[in-house]
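Peer 1: Here's the letter readout for the chains.
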Amino acid sequence: MWQMIMNELSQATLGVIHNMAEFVPRFVVMLIIILIGWVIAAALRGALRSILRLTKFDKLSEDAGATQLLKKAALPPTSELLSRFVFWIAWFGFVLVGISVLQIVGLEEHVARFFGFLPRLFAAMFVFFFGLLAASFFSRAALLAAVNADLPSPRLISTIIRTLIIIFSVSIGFEELGLGENTVLVAFGIVFGALMLGLALAFGLGGRDLARQYLERRLVHDKKEDKQDELSPL
Amino acid sequence: MPEESILTDDFLRELMNVGEVDILIGIATCNDAKTAGDVILAVRAGLLKCFPRQRAVIINADCGSQDGTPDLVRAASISDMRQGPNVHALRTLHCVSTQVPGDPHGGAALHTFLAAADLLRASTCAVFAPDSTAIEPEWVERLVRPVLRDNFDLVTPLYRRHKFDALLVRNLLYPMTRALYGRRLREPYALDFAFSGKLGSYFLGRDLWTEDSVQTGAETLLTTSALGGDFRVAQSFLGERTRGEGSPPDLVSAIRRTAGALFWSLDGNYPAWSNAKESQPVTTIGAEHEISVEPMRVDRTRLYELFVRGVSELIEPVLKPILSPATLAELQRITALPEESLRYSGELWVQTIYEFAASYHKSVISRDHIIQALAPLYRGRAFTFLVENSDATADDIENYVEALCLTFEHMKPSLLQMWAGEK
Numbered sequence: 116m117w118q119m120i121m122n123e124l125s126q127a128t129l130g131v132i133h134n135m136a137e138f139v140p141r142f143v144v145m146l147i148i149i150l151i152g153w154v155i156a157a158a159l160r161g162a163l164r165s166i167l168r169l170t171k172f173d174k175l176s177e178d179a180g181a182t183q184l185l186k187k188a189a190l191p192p193t194s195e196l197l198s199r200f201v202f203w204i205a206w207f208g209f210v211l212v213g214i215s216v217l218q219i220v221g222l223e224e225h226v227a228r229f230f231g232f233l234p235r236l237f238a239a240m241f242v243f244f245f246g247l248l249a250a251s252f253f254s255r256a257a258l259l260a261a262v263n264a265d266l267p268s269p270r271l272i273s274t275i276i277r278t279l280i281i282i283f284s285v286s287i288g289f290e291e292l293g294l295g296e297n298t299v300l301v302a303f304g305i306v307f308g309a310l311m312l313g314l315a316l317a318f319g320l321g322g323r324d325l326a327r328q329y330l331e332r333r334l335v336h337d338k339k340e341d342k343q344d345e346l347s348p349l
Numbered sequence: 330m331p332e333e334s335i336l337t338d339d340f341l342r343e344l345m346n347v348g349e350v351d352i353l354i355g356i357a358t359c360n361d362a363k364t365a366g367d368v369i370l371a372v373r374a375g376l377l378k379c380f381p382r383q384r385a386v387i388i389n390a391d392c393g394s395q396d397g398t399p400d401l402v403r404a405a406s407i408s409d410m411r412q413g414p415n416v417h418a419l420r421t422l423h424c425v426s427t428q429v430p431g432d433p434h435g436g437a438a439l440h441t442f443l444a445a446a447d448l449l450r451a452s453t454c455a456v457f458a459p460d461s462t463a464i465e466p467e468w469v470e471r472l473v474r475p476v477l478r479d480n481f482d483l484v485t486p487l488y489r490r491h492k493f494d495a496l497l498v499r500n501l502l503y504p505m506t507r508a509l510y511g512r513r514l515r516e517p518y519a520l521d522f523a524f525s526g527k528l529g530s531y532f533l534g535r536d537l538w539t540e541d542s543v544q545t546g547a548e549t550l551l552t553t554s555a556l557g558g559d560f561r562v563a564q565s566f567l568g569e570r571t572r573g574e575g576s577p578p579d580l581v582s583a584i585r586r587t588a589g590a591l592f593w594s595l596d597g598n599y600p601a602w603s604n605a606k607e608s609q610p611v612t613t614i615g616a617e618h619e620i621s622v623e624p625m626r627v628d629r630t631r632l633y634e635l636f637v638r639g640v641s642e643l644i645e646p647v648l649k650p651i652l653s654p655a656t657l658a659e660l661q662r663i664t665a666l667p668e669e670s671l672r673y674s675g676e677l678w679v680q681t682i683y684e685f686a687a688s689y690h691k692s693v694i695s696r697d698h699i700i701q702a703l704a705p706l707y708r709g710r711a712f713t714f715l716v717e718n719s720d721a722t723a724d725d726i727e728n729y730v731e732a733l734c735l736t737f738e739h740m741k742p743s744l745l746q747m748w749a750g751e752k
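Protein chains in written order, with my numbering: chain D, 116 to 349; chain G, 330 to 752.
Don't read these hints as lab results, they were simulated from the structure. Hints may be right or wrong, so weigh each one.
[What the hints assert, rightly or not] Pulled a few chain D residues facing chain G out of the computed Cβ check, cut under 7 angstroms:
1) Arg255
2) Leu259
3) Val262
4) Asn263
5) Ser268
6) Pro269
7) Leu346
8) Pro348
9) Leu349
Computed from a prediction, not measured in an experiment: that's the story for all the values here. Backbone N, C-alpha and C fix where the C-beta goes; we use that ideal spot for every residue, glycine too.
Let's have the full structure, built from the sequences with the hints guiding it.
Peer 2: Rendered as structure tokens:
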């Protein structure tokens with residue numbers, strides 16, 4: 116009896132020791148992978164930071180209006196934010212790889228899913244950033260064109276264009292991420308449709324007289340008078 | 330061979346039939362049926378009268394006019410010339426037409442003339458505007474002779490103008506070109522001008538034909554190329570310049586052709602303009618300036634309103650990245666003033682323009698947006714010009730422009746500092 120207990124105890128001890136002998140090297144490998152991952156992630160952060168500085172990415176981001184958004188949220192400049200993001204994503208990837216070495220049941224699937232999600236995350240960020248850039252460019256172009264053509268409410272025109280492009284790029288970004296695809300698309304459709312209908316109603320009903328005066332001024336009566344007052348700049 | 334890409338096969342064939350020439354005249358047309366015929370007739374008469382011994386060709390580059398301009402040009406080219414008993418053509422005067430894309434002020438027309446001149450080995454080229462209603466045969470001689478006989482490389486025109494005409498040239502293009510390049514050339518953006526084959530070949534060979542600026546301001550870039558290079562420049566008085574019935578050029582487009590091209594030229598010509606010191610006069614043939622002061626109806630209030638409204642709309646999203654805080658504050662201050670007391674002073678105007686040029690150089694926002702943002706500010710300066718010179722005589726106008734030119738020259742170091750990033 117005693118012998119049996121001793122045998123079981125020694126087998127259990129051996130099992131624990133065996134498990135420990137298996138686990139410790141894996142744990143050490145995991146730590147090494149995490150450490151190497153940290154070094155690689157830090158190197159990536161440094162390299163990306165330098166590249167973004169060299170390519171004056173912050174200026175591009177400022178043009179896109181992203182810097183202003185980040186400032187309002189008390190966040191660092193875009194290049195710094197992007198570098199940190201890449202650092203954490205890269206290191207988190209290494210941490211997951213390290214953990215997968217431990218061969219914990221069910222974790223490998225999550226790790227694979229995470230790596231499968233990364234390209235979509237980057238694509239969504241890319242779409243969103245260039246959406247902001249396009250929104251800034253086209254809204255400014257519309258503002259300048261409206262001011263120089265003496266159209267009423269240039270800022271409203273500019274804001275509408277900016278908002279539409281941002282909504283459009285956000286909806287594409289969310290679709291890329293696979294988050295609420297239908298909801299975002301429907302929301303975009305509703306917002307866009309409502310905006311157009313609102314503008315049509317506002318211009319057609321509320322601004323009927325204004326529209327008539329504007330068109331008359333542009334197309335009929337004042338054309339000749341305007342010409343008499345025009346100075347040739349060249 | 331740069332000309333291979335611009336000249337069509339049919340056009341090339343026609344040019345090869347012409348053979349080598351001494352003088353090439355280019356006329357770019359675009360729905361100019363009312364005036365183009367008379368311009369061609371005047372140019373033909375001028376060539377036959379003043380240069381009967383030279384081999385010459387007139388090239389018409391048309392944008393694809395829908396009003397029958399090419400037919401009129403063709404008819405004018407072959408019509409009988411009766412210029413008096415002393416006019417005899419000793420050589421065949423050729424006229425060739427071709428079609429170019431875009432508007433006549435685009436770079437394609439000038440590019441075509443340059444490529445044709447290079448191919449035909451023309452020693453002298455001249456370009457005439459198709460919408461001039463006052464052109465005389467003598468204009469050909471006044472522009473072409475200094476190049477042909479006196480070896481000048483570029484001859485720009487001088488016109489008799491109304492005191493309120495060409496305010497963009499008087500307030501920006503002339504003073505800034507003069508301050509930067511150190512040459513007192515009155516019309517850096519010329520519509521009627523002549524140049525040597527040497528300058529033409531140099532300009533044709535420059536690696537700029539795919540740039541946006543050359544598409545809108547090729548004439549200005551030709552001038553700045555001559556001023557920035559080792560070329561002899563002169564200006565010749567032509568007479569009064571009157572346009573047809575069409576509207577004056579759109580302001581933004583005019584700013585692109587002049588200020589836009591001038592700003593663009595500063596990048597490539599930095600060694601030339603940064604070293605130019607005090608401005609020097611250029612050889613002038615005929616009167617240096619003639620200004621008419623007849624009363625003219627001008628809507629100053631509209632200019633005031635467009636300036637004030639434009640600045641208030643653009644100040645945050647567009648002007649803030651372009652201008653310094655001090656200049657912005659001063660602009661905000663003057664736009665708050667009532668119409669009778671608003672003045673956009675020369676110093677503030679020059680500071681504004683130099684800050685625009687530096688921002689254009691640094692591309693703080695889209696370069697075309699920077700150029701477009703100048704339009705409302707120009708209106709403010711034009712308003713001030715009109716108010717301060719409402720009763721001015723020709724001499725007063727001349728003194729006023731001279732004072733502005735000196736301000737541009739005195740403040741040039743500040744542009745150099747901004748260029749170097751010191752401000």
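Peer 1: Each hint needs a verdict: does it hold in this structure or not?
Peer 2: Cross-check of the supplied hints:
1. Arg255: Status holds, d = 6 angstroms.
2. Leu259: holds (4 angstroms)
3. Val262: It holds, given that the least Cβ distance between D:Val262 and chain G is near 5 angstroms, below 7 angstroms.
4. Asn263: This hint holds: D:Asn263 lies near chain G, its Cβ roughly 5 angstroms from the closest one there, short of 7 angstroms.
5. Ser268: With a minimum Cβ separation of about 9 angstroms from chain G (threshold 7 angstroms), the hint on D:Ser268 is violated.
6. Pro269: holds (5 angstroms)
7. Leu346: Where the cut-off is 7 angstroms and the nearest Cβ of chain G is about 6 angstroms from D:Leu346, the hint holds.
8. Pro348: For D:Pro348, the interface hint holds, since the closest Cβ of chain G sits about 4 angstroms away, which is under 7 angstroms.
9. Leu349: holds (5 angstroms)
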